[in-house]
Amino acid sequence: MGASAGALLPAAKGTQMQRIPTLVGVSGHFEGEVYPLEYGKTLCVGRSRSADFSLRRTSKYRAMDENTRETDASAKTVSGKHFEITMYNVGSIEIKNLSPNGLHVDGKLTNLVVIDDIAKRTHEIRFGADEILRLEMRVHEDL
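All letters in the sequence shown, in the order written, are residues 1 to 143 by our numbering.
Because the hints were derived from the structure by calculation, they are not lab data.
For glycine and all other residues, C-beta sits at the position ideal for the given N, C-alpha and C.
A couple of the hints might just be wrong.
Here are the in silico distance ranges between beta carbons for each label pair [claimed, not checked]: (1) TYR88 to SER48: 18 to 26 angstroms; (2) ARG62 to TYR88: 30 to 38 angstroms; (3) ALA119 to ARG69: 21 to 29 angstroms.
Make the full structure from the sequences, and use the hints.
Shown next, in the form of structure tokens:
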């Protein structure tokens, strides 16, 4: 039987491992990036450096030369502050669109959605031309 959401898992002596709702980059500039959510904290995702999870701070974007960054049409489809995600608890994670470019959660265009089943399944968040994040439970050490 799997561990329940937020449950502590056995780990090496002196460490604790916990399942935490996490944004995982699947496609686009965010591919390979991982951002665990924190209880009660609103996380802003977007292109701006002032966003908590910023496209401009991703490994893919930083690896581009300045000329490529300036002409990157895909990056320009991500708003400076594209959406916010707030985890109130594992059964209540709110995703709020902030962009005129739109936001899709699980294939549906949305302005506001509350995820209440993250402990049971993953969710897909699409924004901009190429960006896909997966919201899933992930094991993290000592968070």
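| task | Mind checking the hinted window 18 to 26 angstroms against the Cβ distance between TYR88 and SER48? | result | About 25 angstroms separates the Cβ atoms of TYR88 and SER48, which means 18 to 26 angstroms holds.
| task | Starting from the range 21 to 29 angstroms, see whether the pair ALA119 and ARG69 falls in it by beta-carbon distance. | result | violated (38 angstroms)
| message | Against the range 30 to 38 angstroms, how does the distance between the Cβ atoms of ARG62 and TYR88 compare: consistent or not? | response | Taking Cβ atoms as reference, ARG62 and TYR88 lie about 32 angstroms apart, which means the hint holds.
Hint 3 from the list above is the single one not met by this structure.
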